[in-house]
Amino acid sequence: MSKLQYEIPTINKIDFAMASKYGSPVKSQKIRTEIDGVEISTLIQKFGSPIFVFSQRQIEQKYNTLYSAFSSRYPDVTFGWSYKTNYLNEICKIYHNLGSVAEVVSEFEYQKARALGVEGKDIIFNGPYKPKADLKIAVEEGAKIHVDNLFEINDLEEIADELGIRIAVAIRINMDTGVYPQWSRFGFNYENGDAYEAINRMYDGGKLYLVGLHSHIGTFMLDANAYKLATIKIMQLKERVEMDFNSEIEYIDLGGGFASKSNLKGIYQSAEVVVPTADDYAEAITNAIYEYNKSEKLPKLYLETGRHLIDEAGYLLTSVWGHKRFPDAKKGYILDAGVNLLYTSTWYNFNIELDKRYDGDNEPSMLNGPLCMNIDIIEENVMLPPLDRGSVITISPVGAYNYTQAMQFIRYKPAVVLIDKEGEARYIKEVDDLATINYKEV
Amino acid sequence: MKQISELILDENNVAFHPMMGNSYQLNFLAKEIISLLKSNKNKNEIIDALYGKYDVNKEELFIDVSDFYTKLKVYGLL
Numbered sequence: 001m002s003k004l005q006y007e008i009p010t011i012n013k014i015d016f017a018m019a020s021k022y023g024s025p026v027k028s029q030k031i032r033t034e035i036d037g038v039e040i041s042t043l044i045q046k047f048g049s050p051i052f053v054f055s056q057r058q059i060e061q062k063y064n065t066l067y068s069a070f071s072s073r074y075p076d077v078t079f080g081w082s083y084k085t086n087y088l089n090e091i092c093k094i095y096h097n098l099g100s101v102a103e104v105v106s107e108f109e110y111q112k113a114r115a116l117g118v119e120g121k122d123i124i125f126n127g128p129y130k131p132k133a134d135l136k137i138a139v140e141e142g143a144k145i146h147v148d149n150l151f152e153i154n155d156l157e158e159i160a161d162e163l164g165i166r167i168a169v170a171i172r173i174n175m176d177t178g179v180y181p182q183w184s185r186f187g188f189n190y191e192n193g194d195a196y197e198a199i200n201r202m203y204d205g206g207k208l209y210l211v212g213l214h215s216h217i218g219t220f221m222l223d224a225n226a227y228k229l230a231t232i233k234i235m236q237l238k239e240r241v242e243m244d245f246n247s248e249i250e251y252i253d254l255g256g257g258f259a260s261k262s263n264l265k266g267i268y269q270s271a272e273v274v275v276p277t278a279d280d281y282a283e284a285i286t287n288a289i290y291e292y293n294k295s296e297k298l299p300k301l302y303l304e305t306g307r308h309l310i311d312e313a314g315y316l317l318t319s320v321w322g323h324k325r326f327p328d329a330k331k332g333y334i335l336d337a338g339v340n341l342l343y344t345s346t347w348y349n350f351n352i353e354l355d356k357r358y359d360g361d362n363e364p365s366m367l368n369g370p371l372c373m374n375i376d377i378i379e380e381n382v383m384l385p386p387l388d389r390g391s392v393i394t395i396s397p398v399g400a401y402n403y404t405q406a407m408q409f410i411r412y413k414p415a416v417v418l419i420d421k422e423g424e425a426r427y428i429k430e431v432d433d434l435a436t437i438n439y440k441e442v
Numbered sequence: 443m444k445q446i447s448e449l450i451l452d453e454n455n456v457a458f459h460p461m462m463g464n465s466y467q468l469n470f471l472a473k474e475i476i477s478l479l480k481s482n483k484n485k486n487e488i489i490d491a492l493y494g495k496y497d498v499n500k501e502e503l504f505i506d507v508s509d510f511y512t513k514l515k516v517y518g519l520l
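Residue numbers (my numbering), protein chains in the order written: chain F, 1 to 442; chain Y, 443 to 520.
Simulated from the structure, these hints should not be mistaken for laboratory data.
Heads up, some of the hints might be wrong.
In silico lysine to any residue, SDA-like type, Cα no more than 20 Å apart, as pairs [unchecked claim]: (1) F:K13 x Y:G463; (2) Y:K473 x Y:Y493; (3) F:K3 x Y:E474; (4) F:K121 x F:I137; (5) Y:K473 x F:V26; (6) F:K207 x F:E283; (7) F:K3 x Y:K495; (8) F:K27 x Y:N469; (9) F:K27 x Y:N454.
Put together the whole structure using the sequences plus the hints.
Structure (structure tokens):
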């Protein structure tokens, strides 16, 4: 006699408060069976679990949307790919092929850009820590140096003496744009006059001259108007500097910080509602330039957008290894990927999608990673149906920062797969092994 | 007395505990296990009964039934 179809036994206390006009949370399941036409099951079978997956199609689509929003409004705009957001070589190459220059904040990011064939003149060198030896190489190669502090001005003057040249630099400005927290750690403050003083100091020295003004007002900025205020202040400073020092500011750089469609913790409306569009950001910045430009020539506009461009193009596929019932009745799933790979889980609620529809009602569940650490919690409270060992969960958006900030801790760093425009999936980074871990140990 | 025996099961897979005033949504297998518990079957007898009837391996069934027992305990029914 054939046996009957099995279903995991489930019992859930009925909470009448959970029913609402939005429907019942015990029945709805988010399901993702493919990425760009490639089946999730195929990806896991071919490349293993866990894996990061990036979609070239989605990267290019997002880039083109944002670039069109700016280039349709402004004649001279260039994007700088923010290496720290994701510096996998194949990812950087996609952005460079689309026309991005490189925006780097350390010597190794600089070296990576050079190794990828980016010329010095197409590298923006940012950040608060630029060791003199690296700074000198960047100067020799014609990189765009964005000065962060007075010590750097001293270092640059020494380099100018050593090379017998005057060095063109830009300066980073921080300012109040009405957003909290105000980023004041980087560069020189606008309101208290430090920025103007620093520029004055440069011209007093006679070895540096200013060609650019840069600001980066924050991250995950949900108010496009803040960029309007930043642009106005930058344009006002530009006018004053050009007049006082008889110089020409060739470019302004409004940095990054445009939000992605991720769900920031503590914000209860969906990202679709609260995140400004590419047009919102573009309009805020370009309108302010036109309105406040007093020169005959418009400055070149640089943007260093990272998160907004890549976050939604990145996915983490992870498999259920086991589950247990906690004393508070919550179901705890042990996954093969944890916070070691999801640095941004501290700030964002991810989309949690299942590989198929599962029988049974949803119940409060916790997603834990494989680390033997109590903090390894990807989602503390998510409604999920009973999952099986081997069920695959797709976590997104994770394209920004998660790979670059992933810790090599307890488990090997996973492989990364790119699905190209033709829908072909291939490794762009293989899984680490013991040789990776032991490399450079003596 | 264990509270599980007080549960009233209906044909829509809803259970009601009159003294506690709580209602529970079950699936068919949960309903079957509760019926077996109400007839004083122990865990091993329940696993054997289900294993003979459903298409599932015994090790997996043990995990699922154990999980179900823990949840009944949390709800104060066992």
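Each hint, compared with the structure:
Our distance criterion of 20 Å between C-alpha atoms is met by F:K13 and Y:G463, whose separation comes to about 11 Å. Simply put, Y:K473 and Y:Y493 have alpha-carbon atoms about 16 Å apart, close enough for the 20 Å limit, and the pair holds. Our distance criterion of 20 Å between C-alpha atoms is met by F:K3 and Y:E474, whose separation comes to about 16 Å. For the hint linking F:K121 to F:I137, the alpha-carbon distance of about 12 Å falls within 20 Å, and the restraint holds.
In summary, the hint linking Y:K473 to F:V26 is supported, as the alpha carbons are separated by about 18 Å, within the 20 Å threshold. With a C-alpha separation of about 37 Å, the suggested pair F:K207 and F:E283 falls outside the 20 Å cut-off, and the hint is violated. Note on F:K3 and Y:K495: the hinted pairing holds, with a Cα-Cα distance of about 6 Å set against a maximum of 20 Å. Distance check on the hinted pair: F:K27 and Y:N469 sit about 13 Å apart at the alpha-carbon level, within 20 Å; holds.
Distance hint between F:K27 and Y:N454 is fulfilled; the C-alpha atoms sit about 16 Å from each other, no more than 20 Å.
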